[in-house]
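Asker: Given next are the chains, with one letter for each unit.
2 protein chains.
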Amino acid sequence: MTNTAFGLEIFGTDGAARVGQLHTAHGVIDTPAFMPVGTAATVKGMFLDHVRSTGSQIILANTYHLILRPGAERVQRFGGVRKFMNWDGPLLMDSGGYQVMSLAKLRTISEDGVTFASHIDGSKHHLTPERSIQIQNQLDATITMAFDECTPFPATHDVAADSMRMSMRWAKRSKNAFEPRPGYGLFGIVQGGVYADLRAESAEALRGIDFEGFAVGGLAVGEGQELMFNTLDVTVPHLPHEKPRYLMGVGKPLDIVGAVARGIDMFDCVLPTRSGRTAQAFTRFGPLNMRNAKHADDARPLDESVPCDASRNYSRAYLHHLIKSEELLGLMLLSWHNVAFYQKVMADLRAAIREKRFAAWMQTFAAEQAGGDGEAADD
Amino acid sequence: MTNTAFGLEIFGTDGAARVGQLHTAHGVIDTPAFMPVGTAATVKGMFLDHVRSTGSQIILANTYHLILRPGAERVQRFGGVRKFMNWDGPLLMDSGGYQVMSLAKLRTISEDGVTFASHIDGSKHHLTPERSIQIQNQLDATITMAFDECTPFPATHDVAADSMRMSMRWAKRSKNAFEPRPGYGLFGIVQGGVYADLRAESAEALRGIDFEGFAVGGLAVGEGQELMFNTLDVTVPHLPHEKPRYLMGVGKPLDIVGAVARGIDMFDCVLPTRSGRTAQAFTRFGPLNMRNAKHADDARPLDESVPCDASRNYSRAYLHHLIKSEELLGLMLLSWHNVAFYQKVMADLRAAIREKRFAAWMQTFAAEQAGGDGEAADD
Chain A
1 MTNTAFGLEI FGTDGAARVG QLHTAHGVID TPAFMPVGTA ATVKGMFLDH
51 VRSTGSQIIL ANTYHLILRP GAERVQRFGG VRKFMNWDGP LLMDSGGYQV
101 MSLAKLRTIS EDGVTFASHI DGSKHHLTPE RSIQIQNQLD ATITMAFDEC
151 TPFPATHDVA ADSMRMSMRW AKRSKNAFEP RPGYGLFGIV QGGVYADLRA
201 ESAEALRGID FEGFAVGGLA VGEGQELMFN TLDVTVPHLP HEKPRYLMGV
251 GKPLDIVGAV ARGIDMFDCV LPTRSGRTAQ AFTRFGPLNM RNAKHADDAR
301 PLDESVPCDA SRNYSRAYLH HLIKSEELLG LMLLSWHNVA FYQKVMADLR
351 AAIREKRFAA WMQTFAAEQA GGDGEAADD
Chain B
1 MTNTAFGLEI FGTDGAARVG QLHTAHGVID TPAFMPVGTA ATVKGMFLDH
51 VRSTGSQIIL ANTYHLILRP GAERVQRFGG VRKFMNWDGP LLMDSGGYQV
101 MSLAKLRTIS EDGVTFASHI DGSKHHLTPE RSIQIQNQLD ATITMAFDEC
151 TPFPATHDVA ADSMRMSMRW AKRSKNAFEP RPGYGLFGIV QGGVYADLRA
201 ESAEALRGID FEGFAVGGLA VGEGQELMFN TLDVTVPHLP HEKPRYLMGV
251 GKPLDIVGAV ARGIDMFDCV LPTRSGRTAQ AFTRFGPLNM RNAKHADDAR
301 PLDESVPCDA SRNYSRAYLH HLIKSEELLG LMLLSWHNVA FYQKVMADLR
351 AAIREKRFAA WMQTFAAEQA GGDGEAADD
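If you read the sequences in order, they're chains A and B.
Position 71 (the first sequence) corresponds to 71 in this note's numbering; numbering is contiguous.
Position 320 (the second sequence) corresponds to 320 in this note's numbering; numbering is contiguous.
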């Protein structure tokens, strides 16, 4: 472990967009950054060498999943998630709040925390802010997330307010439970649904507690891109300029680009790997459904602009054959390509911000995504 | 394509075992060689870089599967199987005879060939020696296999004799259909069930036709190791010394070692990759069932003696976790490790033959396989 201080260095801005580097105990992350999701201590269908080779510098793991299997104490005995899975870069852990709400059965929420039954074997578990933070500490998360309730969408103003305020009390308890270490950070999570006043109140509350970074939670839960962007517009201005900002669980390429334009620095999403397992390939000219018979004789690679073997060295015809034959290699190549595509987008947008041409780049990117390959009907 | 003449160079022998190199248009193969199986133009669950890194120098593909999907003409348009799948080394193709018998539906065998229905979509196909060889030529197989009938086990002497003699007439037709090219070879396949006189008759018939190599077919079909070894004992002496000998579809590590002791040079088997997908790991001290809970806290890697990341850099506990969580990475790592283990065995036995200590090596290997890790009950 190095003794690097945790913190964001901003190299430049272009409008609200920022480009920089986040320094951590386990390595430097170029921002805006996309973080592949390694829920159960594996980025699904990918070797970590390939995750690294795409330019990924930080990955996610999930408190909820690891508590249930293989168990937090077991992973701790192996030196934490990073050592357990062989990842030597920075790791961000989800606090488990979101997954308890979306996956667990028979959950009971109280001021203390959440009691729930495992979606795997029905076993009973109790998670509190203190317990979640303790586990993330034990599992050697470079970035620990505060324990929160992800307010569902839609929610009335009253429901969103009550939920957000409990999350803010939990944020304070999370902060108290966090064990500061050089190069490690704790992020607070802004809630408040789609209500501007609640988002502002939440952001201010978190600033008052003080965190190493600020996440925007409770979005990408069905509200749609326009409401999501509107909510970012009324949230981000309340976050401190000098700290990293993380939009949780987002998203499609154009969601990410639009959020970067609104000042977000970090993203995570299962989409590139999940799409890889459902035969979707993201490309410069929009997504392709590799099950489609039109690819059967297409000698072109997926996307030559992406610097990745999976993107450049295999014909669409071969990938289509693998998918039709239900061969694992098809999922492996598409997952690898999709993560590489996402990281190429991030590298391109970082360069565009650095060179103060982000708006023009974004316009070109959106136009190309709209279907230059005649693939729009695929999506 | 180089202009290398196809042929086996024998560096040394130890008893009946031989060590050498097979020269082909697409590269040199150290023998005895294990050939990973790439049925549908992919070694299941593996990237070709990893296949190569294990020391694999030649892989298999299957005429039967590729006819059905994606279609032989389509693969031919892409320059053959090697170009279609991105493999730049030698490729051996199965003639389809075995798969027609074991997989296809509604098959009718006549002197002309076999009519069958696809196991995928029921479509009707007709395969003859001429058609099989033509397809293998078109698909750029470095080594083409004669079209034969794999005699089932058990079979009476009469049935085995009739089946073998038809295969010998098909072998002659295969030879006539084969288009000789420098560095390419056609292998005949010895049949005759477990009957010494029939195996001798078949071997002599093939020698009369003349091939670049000689395969022993119709074994590993349920007869057991002892009968298989007995059959090799009465077959191999009838094969020419200077040509490569290939035992088809074999087998477990000790099957391979025993067959090498009987003068076999080449092997193929789905076992390392198939076992990888069913959570079995081959190791120096015998196979492990990675589903077994006893691995849950085991920090040891699978087998440090195998020079492969998958064998050395991941704890058994982590692999157990991946398997229990049904994560693709578990299958990917086990498949990779298993192929690497097989290739380590081949490298070790080649060195032992070269140094005239094969019998002693074999004894140690068999003793270690018998369960030095207390794992015998796993198998």
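Do not take every clue at face value.
Which copy? The list can't say, so a pair holds if one copy fits it or any two copies do.
[Claimed, not checked] 27 Å max Cα-Cα, derived BS3-like pairs, lysine-lysine: (1) Lys324 / Lys44; (2) Lys175 / Lys324; (3) Lys294 / Lys83; (4) Lys44 / Lys252.
In case anyone wonders, no lab produced these hints; they're calculated from the structure.
Asker: Please go over all the hints and tell whether each is borne out by the structure.
Answerer: Each hint, compared with the structure:
1. Lys324 / Lys44: For Lys324 and Lys44, the Cα distance is within 27 Å both inside one copy (20 Å) and across copies (14 Å).
2. Lys175 / Lys324: So Lys175 and Lys324 fail the 27 Å test inside a copy (50 Å) and across (34 Å) alike.
3. Lys294 / Lys83: between (44 Å within a copy, 20 Å between copies)
4. Lys44 / Lys252: within (18 Å within a copy, 30 Å between copies)
Violated hints amount to a single one, hint 2; each of the other numbered hints is respected by the structure.
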